[in-house]
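Asker: What follows is each chain in one-letter form.
There are 2 protein chains.
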Amino acid sequence: MATIKDVAAAAGVSVATVSRVINNGPKVSDKNRAKVKQVMVDLGYRPNANARALVTQSSPTLGLVFSELTDPFFATLAGGVEKIAREHHRQLLISNGLVSADTERQAIETLLEQRCEALVVHSKALSDDELIAYAEANPAMVLINRHIPQIAHRCVWLDNRAGGEAAGRYLMSLGHQKIACVSSRYHIEDPQLRLEGLQQALAEAGQPLADIAIEHGDPNQTGGEVATQNLLSKNLGATAIVVYNDAMASGVISVLTDNGYRVPEDVSVIGFDDVLLSRYLRPKLTTMRYPIEMMAMEAAEMALSLSSGKSVSDCHKYVPTLVKRDSVLALRG
Amino acid sequence: MATIKDVAAAAGVSVATVSRVINNGPKVSDKNRAKVKQVMVDLGYRPNANARALVTQSSPTLGLVFSELTDPFFATLAGGVEKIAREHHRQLLISNGLVSADTERQAIETLLEQRCEALVVHSKALSDDELIAYAEANPAMVLINRHIPQIAHRCVWLDNRAGGEAAGRYLMSLGHQKIACVSSRYHIEDPQLRLEGLQQALAEAGQPLADIAIEHGDPNQTGGEVATQNLLSKNLGATAIVVYNDAMASGVISVLTDNGYRVPEDVSVIGFDDVLLSRYLRPKLTTMRYPIEMMAMEAAEMALSLSSGKSVSDCHKYVPTLVKRDSVLALRG
DNA sequence: CATCAAACTGGAAACGTTTACCTAGATCGC
DNA sequence: GCGATCTAGGTAAACGTTTCCAGTTTGATG
Chain S
1 MATIKDVAAA AGVSVATVSR VINNGPKVSD KNRAKVKQVM VDLGYRPNAN
51 ARALVTQSSP TLGLVFSELT DPFFATLAGG VEKIAREHHR QLLISNGLVS
101 ADTERQAIET LLEQRCEALV VHSKALSDDE LIAYAEANPA MVLINRHIPQ
151 IAHRCVWLDN RAGGEAAGRY LMSLGHQKIA CVSSRYHIED PQLRLEGLQQ
201 ALAEAGQPLA DIAIEHGDPN QTGGEVATQN LLSKNLGATA IVVYNDAMAS
251 GVISVLTDNG YRVPEDVSVI GFDDVLLSRY LRPKLTTMRY PIEMMAMEAA
301 EMALSLSSGK SVSDCHKYVP TLVKRDSVLA LRG
Chain W
1 MATIKDVAAA AGVSVATVSR VINNGPKVSD KNRAKVKQVM VDLGYRPNAN
51 ARALVTQSSP TLGLVFSELT DPFFATLAGG VEKIAREHHR QLLISNGLVS
101 ADTERQAIET LLEQRCEALV VHSKALSDDE LIAYAEANPA MVLINRHIPQ
151 IAHRCVWLDN RAGGEAAGRY LMSLGHQKIA CVSSRYHIED PQLRLEGLQQ
201 ALAEAGQPLA DIAIEHGDPN QTGGEVATQN LLSKNLGATA IVVYNDAMAS
251 GVISVLTDNG YRVPEDVSVI GFDDVLLSRY LRPKLTTMRY PIEMMAMEAA
301 EMALSLSSGK SVSDCHKYVP TLVKRDSVLA LRG
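Heads up: the sequence lines are chains S and W, in that order.
Mapping of the first sequence onto my numbering: position 178 corresponds to residue 178, and the numbering continues sequentially without gaps.
Mapping of the second sequence onto my numbering: position 256 corresponds to residue 256, and the numbering continues sequentially without gaps.
Since the hints were made in silico from the structure, they are not lab data.
The structure presented is a predicted model; accordingly, all values stated were derived computationally and were not measured.
You may find that some hints are simply not true.
[Stated by the list, open to error] Per the computed footprint, the stretches of chain W lying under chain S, defined by three or more beta-carbons under 8 Å from a beta-carbon of chain S, are:
#1 53-64
#2 130-137
[As the list claims (entries may be wrong)] Once the Cα atoms are required to be at most 30 Å apart in a straight line, the calculated BS3-like pairs of lysine-lysine come out as:
#3 Lys234(W) with Lys83(S)
#4 Lys178(W) with Lys324(W)
#5 Lys284(S) with Lys324(W)
#6 Lys83(S) with Lys310(S)
#7 Lys37(S) with Lys124(W)
#8 Lys5(S) with Lys5(W)
#9 Lys234(S) with Lys284(W)
#10 Lys124(S) with Lys310(S)
#11 Lys324(S) with Lys234(W)
#12 Lys234(S) with Lys317(S)
#13 Lys124(S) with Lys37(W)
#14 Lys5(W) with Lys31(W)
#15 Lys35(W) with Lys83(S)
#16 Lys124(S) with Lys317(S)
#17 Lys124(S) with Lys83(W)
#18 Lys284(S) with Lys234(W)
[Stated by the list, open to error] To spell it out: a stretch of chain S is covered by chain W in this simulated footprint if at least three of its residues, at any positions, have a beta carbon under 8 Å from a beta carbon of chain W; those stretches are:
#19 32-45
#20 48-54
#21 274-282
The beta carbon of each residue, even a glycine, is placed where N, CA and C say it ideally should be.
Using the sequences and the hints given, assemble the complete structure.
Answerer: As C-alpha cells, this is what we get:
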C-alpha cells in the first residue's frame with residue numbers, strides 16, 4: 001500500500017506538502033495541490049489512520065460498549081449513537097460487554113487502548129466505584145441507562161421508578177383495582193425500580209400490590225408467557241397487568257388470549273419500552289415509552305462535547321411517557 | 001497517559017523488555033516479568049493500539065459496512081458478525097453505508113484507512129465493477145447478501161429466486177389458485193428475484209401471476225398496509241398473498257383483518273426473512289427463513305480466514321427454507 | 001580456570017504521519 | 001536598488017510500539 005512518501009516522490013514534492021494537501025492545509029500552490037491529488041488517486045493512496053492517530057494523539061472515533069445487538073431495544077440505542085457518530089464523521093467502534101463484569105471491563109479496556117476520542121458505555125454489571133474510576137480517568141466517557149450520583153453529569157438515565165408509578169396511576173384512573181405485575185427476574189436495578197414505583201403508586205392510593213400478584217420471568221416473550229401461566233393459575237381475578245417490558249407483554253397477551261381472556265376487554269395489559277414490536281402486536285400495545293434513541297443520541301453528543309473540552313449541562317434524566325394504544329380498557333367512564 | 005517508556009523507566013528495564021512482557025514473549029526473567037507487570041498496573045498503563053498497528057502493519061479489527069442498525073434484519077446480521085469478531089478477539093468497526101453509492105464508498109474507504117484486518121461489506125448501491133475492484137485490492141474483503149459471479153468465492157448470498165419459487169409451490173400444493181403478491185418498490189435485485197421466482201413457479205404450474213395481482217410498496221409495515229389496500233380495492237378475490245418481507249406482511253395482515261378478512265381462514269399470508277417479529281404476530285407468520293445470522297457468521301469467518309492467508313471454499317450460497325406457522329391455510333386435504 | 005552455549009537484556013531502526021521551524025525566492029514600498 | 005515582508009516549500013523530530021541484532025551474564029563443561 002502506497003505511503004505518503006511514495007506520493008511525495010511521485011509528485012516531486014516533500015512529504016510535508018503532501019500532508020498539507022491531505023489535510024487541506026494552506027501554503028501549497030494550486031499547481032502542486034492539483035498534481036498531488038492526481039498522484040494520490042493514481043497510486044490509490046489512502047492515509048494510514050493509525051499513523052495519524054499516533055502522531056496527533058487522538059483518533060476520530062467513538063466507542064460504544066453495550067450488550068446485545070440483536071435485541072431491538074439495544075439496536076435502537078446503537079442506532080442513535082451511530083447516527084451521531086456519522087454526523088460528526090467519527091468512526092464507530094463497538095464492543096460487547098455481554099452482561100458480565102469481566103467482559104464489560106474488557107470491552108472498556110479495549111476501547112481505551114484504541115484511544116477512542118469519546119466513549120458511551122452501557123454497563124449493568126460493573127460496580128459504581130469501578131465506573132467512577134473509569135470516568136475520572138477518562139474525561140470523555142458517558143454512561144447510558146445508569147445513574148451514579150457522584151458522576152451524575154456524565155449519566156444519561158431514565159427514571160424507571162416514575163415509569164412504574166405512572167403506569168399504576170394510569171390504570172387506577174381508569175378504575176382498575178385488581179392489578180397484577182409481571183416483572184423481570186434479573187437482579188439489576190431497572191425492574192426493581194419499576195416495581196417499586198408501581199408499588200408506591202398503588203400503596204398511596206390505598207390499594208397495595210400483594211406479593212402474590214407479582215410474577216418474575218426472563219425478560220422476553222417466553223418469560224412473559226410462563227409468568228402469565230403462573231399468574232393465571234393463582235386465579236386472582238386481576239383486571240390489569242403491568243409488565244416489565246414489551247417483549248414480555250407480547251407473551252402475556254399471547255397466553256391470556258390462548259386461555260380465553262380477551263385483551264383488553266377482560267384484562268388490560270401495559271408494557272414498557274415502546275420498542276418497534278409494540279406497534280406490531282394485536283391489540284397494539286399500550287406502553288410506557290423509553291426514549292432510548294433520543295437518550296443515546298444525547299449521550300453520544302455529550303461524549304463528543306466532553307472530548308473537545310466543552311462542558312455539558314448537569315441533568316440528563318429522562319422520564320417515561322405513556323403511549324396509549326389498544327391494550328388497556330377503562331372500567332368506568 | 002503512561003507510555004512504554006514510562007513503564008521501562010519505572011521498572012528499571014528497557015522498553016524492549018517491557019514490550020516482551022506485554023506480548024507474553026519469551027526471554028525475560030521471572031523477576032523482571034513480575035516487576036514490569038506490577039509497574040504496569042501501578043501506572044495504569046495501556047498499550048497504544050495505534051502505535052502497535054503502525055509498527056506491526058496490521059490491527060486486530062474487523063470492519064463491517066452496512067445500513068440500518070435499527071432494522072431487526074440488519075441488527076441480526078450485525079449480531080452475527082459481532083459474535084465472530086468477539087470470538088476471535090477482534091475489535092469491531094461499523095460504518096453505515098445508508099443505501100447510497102457515495103456513502104457506501106465512503107464507508108469502505110474509511111475502514112480501509114483504518115487498515116482493518118478483515119472486512120464484511122453489505123452493499124446494494126455500488127456497481128459490480130466497483131466492488132470487484134475493491135475486492136481485488138483488498139484480499140480480506142467479503143460481500144454479504146450479494147452475488148457477483150467474478151468474485152463468487154468472496155460472496156455469501158441467498159438464493160432469492162429459489163425462495164420465491166418455494167413460496168409459490170407451497171401455496172399451490174395447498175390448493176391455492178388465486179395468488180397475489182406484495183413486493184418492495186425498491187429497484188434492487190432482492191425483490192426482483194423473489195418475484196421472478198414466484199412468477200416462474202406459478203407459470204410452470206399453468207397458473208401465471210397476473211400483473212394486476214402485484215402491488216409494490218415500501219418494505220415496511222406501512223408499505224404493506226398501503227399495498228394491501230390497493231390490492232383489496234381491485235377485488236381480485238385472492239386466497240393467498242406472497243409478501244416481500246415480514247414487516248410488510250404485518251401490515252398486510254393488519255389491513256386484511258381491519259377489512260373483515262380472517263387470516264388464514266379467508267386469506268393466507270406468507271412472509272419472507274423470518275425476523276423476530278414473525279413470532280410475535282398473530283396469527284404467527286408462516287414465512288421463508290433467511291438464515292442471515294448464520295450467513296453473517298460465515299462471512300465474518302471467511303474474512304478473517306482470508307486475512308490470515310487461508311483460502312476459503314468456493315460456494316457460499318444459502319437457500320431460504322419454509323417455516324410453517326399459522327398464517328397459511330390448506331384449501332383442500 | 002578457560003571456554004561456550006544458553007538465557008536474558010538493551011540499543012536502535014522502523015512503521016506513516018503531522019508540524020514546528022527554517023530557507024529561498026518573490027514582491028513591494030520607498 | 002535595497003531591506004522588509006510574504007509565501008511556498010522543505011527538513012527533521014516526534015508519536016509509541018515491535019523486533020532485529022548485538023551485547024552481557026550465568027552456569028556448565030572440558
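Asker: Determine which of the earlier numbered hints do not hold for this structure and return their numbers in increasing order.
Answerer: Hints 2, 3, 11, 12, 15, 19 not satisfied by this model.
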